[in-house]
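Undergrad: Work out the full structure: start from the sequences and follow the hints.
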Amino acid sequence: MKILVDVEQNQAYVNLKLDAVLKEVPLSTIDANLLTEIVYGVTQRRLTLDYLLEPYVKKAIPLWLRTILRLSTFQMIFLDKIPAYAILNEASEITKIKAGQSIVNFVNGVLRNIDRNGKERLSHLMMQPRTKEVVSLRTSLPMWLVTYFDTLYGLEETEKIGYSLLEKPYLSVRAYDVDKAINQLSQTFMCEKSPLAPNGIRIHSGHVAQTSLFLQGDITIQDESSMLVALCGALEESDKVLDACAAPGGKTTHIAHFLNKEKGGIVYALDLYEHKIKLIEENAKRLHVDDVVEAMIKDARDVSSFSDNYFDKVFVDAPCSGLGLMRRKPDIKYSKVLDTISSLSAIQEDILESVFPKVAVGGRLIYSTCTLTLEENEKRMAQFLKTHTNFERVPLYDLKLPKECYTEYGEISILPHVFGTDGFYICCLKRIK
1017 MKILVDVEQN
1027 QAYVNLKLDA
1037 VLKEVPLSTI
1047 DANLLTEIVY
1057 GVTQRRLTLD
1067 YLLEPYVKKA
1077 IPLWLRTILR
1087 LSTFQMIFLD
1097 KIPAYAILNE
1107 ASEITKIKAG
1117 QSIVNFVNGV
1127 LRNIDRNGKE
1137 RLSHLMMQPR
1147 TKEVVSLRTS
1157 LPMWLVTYFD
1167 TLYGLEETEK
1177 IGYSLLEKPY
1187 LSVRAYDVDK
1197 AINQLSQTFM
1207 CEKSPLAPNG
1217 IRIHSGHVAQ
1227 TSLFLQGDIT
1237 IQDESSMLVA
1247 LCGALEESDK
1257 VLDACAAPGG
1267 KTTHIAHFLN
1277 KEKGGIVYAL
1287 DLYEHKIKLI
1297 EENAKRLHVD
1307 DVVEAMIKDA
1317 RDVSSFSDNY
1327 FDKVFVDAPC
1337 SGLGLMRRKP
1347 DIKYSKVLDT
1357 ISSLSAIQED
1367 ILESVFPKVA
1377 VGGRLIYSTC
1387 TLTLEENEKR
1397 MAQFLKTHTN
1407 FERVPLYDLK
1417 LPKECYTEYG
1427 EISILPHVFG
1437 TDGFYICCLK
1447 RIK
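For the sequence shown, the working numbering assigns the number 1017 to the initial residue and increments by one for each residue that follows.
Calculated from the structure, these hints are not laboratory results. Keep in mind that this is a model prediction, so the values were computed, not measured. The beta carbon of each residue, even a glycine, is placed where N, CA and C say it ideally should be. No incorrect hints appear here.
Derived pair list, reagent style DSSO-like, types lysine-lysine, alpha-carbon separation capped at 30 Å:
1) Lys1314 with Lys1033
2) Lys1294 with Lys1033
3) Lys1256 with Lys1294
4) Lys1395 with Lys1148
5) Lys1279 with Lys1416
Pair ranges (Cβ atoms, derived):
6) Asn1121 with Ile1098: 19 to 25 Å
7) Gln1025 with His1223: 25 to 31 Å
8) Lys1449 with Gln1399: 16 to 22 Å
9) Trp1080 with Leu1288: 32 to 38 Å
10) Leu1051 with Lys1449: 52 to 58 Å
TA: Now the structure itself:
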């Protein structure tokens, strides 16, 4: 309960709060998995849970109390692991600690109604004609997002996106030798090759960070969509590369894999914070590419210390609203608004203006985000090209991705429901003069 209250009240990140609790509190694997499922499930389905509670909660109630009701309703309606009487008893015991008997009676009354009528109310919602409000309630996408996505993709596609974001995310890893890694991983985990990234492997359950493959640097955790970024650079062994927004280092280490120190290859990895620079360095060392990675504390909006026309490739994985990550970070959809997107778009523009002079003639500028908005993606790059006629788009058809991945200009735009990956956007530009 404390995790969920903190996430909603203080805009804490659900993944970080949950990780902190799991490190502090000794739980069995079964209990840790159940806690994770409940915390993510309640966050993902917050609007649907409030809809189910609405007939029985007519007045405003404290957040802690609403959280108890959401937790209990989620377990009753969406899980079958705990019997209803046990859920009712646990909710009553927690409520007793916080309030008097009258509130305990209220909780019992609400949850008994949910037990009797909740699934029927949900079934009724699922049978309703598709409208924006219905899609919002069914998928727990806030109305502003439903409206926004509806203008881009239509309401049916918006609902598919919403449902996909309720699914449990799988883990994906990047491997240097995919066949070798799958052969070893399949002895312990359910895994398969990525349908999207040539170096990607999907793992459906389990933790790989303690495996010998991970510790020895043969694999690293990275979403499949983001594995495509380095491939868009057409990297050569001698390239001098700038990774302007590098932490935690997944793309940096992928870039570094293509470089050769003896031939002059190097990637400068920038971030604002020392602890993130250390993380990049640790990942580079574990993956045996630290000889070509130079991690530096530096704001990407000021790279004046680098000479103009110096870099063969510049990567900008820009700060963004992160709406493509809503499956892994479901709290994002409740905390972001259009005003946030506007302010982030300005930061993206500042970074592009800072780094573009550093690209050598004939070099590439690769821009990427993990979001789904036009303002941060297609419109951002269209505006850049309008004011920078010394750059042109490089269509990315050479990657031979499924046709669903491409925009009309050959950029990559991946929606989260198409392949079950993070939502992602990549645009590659070439400096022509």
